[in-house]
Amino acid sequence: VDVETTEEMNEKTTKTTKKSVKVEPLEDSDEIEVVSLVPNVSYKDSRTLDMYEWQEAGHVEIMTFETLKNLWRNNKGYFKNLWLKPMDNRVVSKFGLAKTYEKYEYLMEASNYKKKNINAICEAIKATPNGLKFAICDKVKNLVIDGEVTDVFVIKELEKRLQIDLIEFLD
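So the sequence shown is numbered by my numbering: it starts at 156 and just counts up by one.
Treat the hints with caution; some may be incorrect.
Using 25 Å as the maximum straight-line C-alpha spacing, the simulated SDA-like pairs for lysine to any residue come out as follows [to be verified]:
| no. | residue 1 | residue 2 |
| --- | --- | --- |
| 1 | 269 | 205 |
| 2 | 235 | 181 |
| 3 | 224 | 250 |
| 4 | 235 | 260 |
| 5 | 281 | 264 |
| 6 | 224 | 205 |
| 7 | 315 | 287 |
| 8 | 258 | 205 |
| 9 | 288 | 318 |
| 10 | 235 | 307 |
| 11 | 288 | 183 |
Derived Cβ-Cβ restraints for the label pairs, each shown as a range [what the hints assert, rightly or not]:
| no. | residue 1 | residue 2 | range |
| --- | --- | --- | --- |
| 12 | 256 | 315 | 19 to 29 Å |
| 13 | 190 | 266 | 35 to 45 Å |
| 14 | 324 | 179 | 43 to 53 Å |
| 15 | 253 | 177 | 12 to 22 Å |
| 16 | 184 | 206 | 15 to 25 Å |
| 17 | 204 | 270 | 45 to 55 Å |
| 18 | 235 | 210 | 19 to 29 Å |
| 19 | 302 | 256 | 18 to 28 Å |
Think of the hints as simulated: they come from the structure by calculation, not from any bench.
No residue lacks a Cβ here, since even glycine has one placed at the ideal position from N, Cα and C.
Please construct the entire structure, taking both the sequences and the accompanying hints into account.
Here it is, written out as structure tokens:
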């Protein structure tokens, strides 16, 4: 009897913990931060004629959810090619882009640049859109400069596969 009671309690606890925090639904007027993952991106909204420009990777512009929906409807490549990223998980989820941005985060994480991962990292970089490859190469250079990637084998392999010079940045 005690085992069944414990299992029932565990089941109730599991049901309770599976309930997620209530997420506010997106409204067209909600302002969403949108970050550029590559330099020199611009978008002119055909409905409002508002112009948005991201001069460099990491630049943030504020867009309404309505404008983001228009951008998504007419130009999915801005997101699928990893030029722009909405900084709101509700938008990422609504547009079905979670897996797309997971790949980007994987490539930006210094801890993934290890000898055991080098083939996977290089293949993932190879599969990214061309515009993003430049941003990734800059990130890799910064990881080496900042001392976050120091394994000479990894650096040499990245140099060979990406055709960039990195060793010169080692101390």
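Restraint check for residue 235 with residue 307, where alpha carbons must lie at most 25 Å apart:
violated, 33 Å
For the pair supplied as a hint, residue 288 and residue 318, confirm whether the alpha-carbon distance does not exceed 25 Å.
The hint holds at about 11 Å.
Checking one constraint from the list: CA of residue 281 to CA of residue 264, max 25 Å. Satisfied?
Distance ~16 Å between residue 281 and residue 264 Cα, so the pair holds.
Hint says 12 to 22 Å; check whether the CB-CB distance for residue 253 and residue 177 agrees.
For residue 253 and residue 177 the Cβ distance comes to about 20 Å; the hint holds.
Range hint 15 to 25 Å (beta carbons of residue 184 and residue 206) holds or violated:
Since the Cβ atoms of residue 184 and residue 206 sit about 19 Å apart, the hinted range of 15 to 25 Å holds.
Between residue 269 and residue 205, is the straight-line Cα distance small enough, at 25 Å or below?
It is violated: about 44 Å lies between the C-alpha atoms, which goes past 25 Å.
Pair hint outcome, residue 224 versus residue 250 [Cα-Cα no greater than 25 Å]:
holds, 9 Å
Hint consistency between residue 235 and residue 181 [alpha-carbon to alpha-carbon, up to 25 Å]:
holds, 21 Å
If I claimed the Cβ atoms of residue 235 and residue 210 lie 19 to 29 Å apart, would that claim hold in this structure?
holds, 22 Å
Is the Cα-Cα distance between residue 315 and residue 287 25 Å or less?
holds, 18 Å
Using the beta carbons of residue 324 and residue 179, state whether their distance is inside 43 to 53 Å or not.
holds, 44 Å
For a C-alpha distance cap of 25 Å, please report whether residue 258 and residue 205 respect it.
Not satisfied, since the Cα-Cα distance of roughly 31 Å exceeds 25 Å.
The structure does not agree with the numbered hints 1, 8, 10, 11 and 13 stated previously, though it agrees with the rest.
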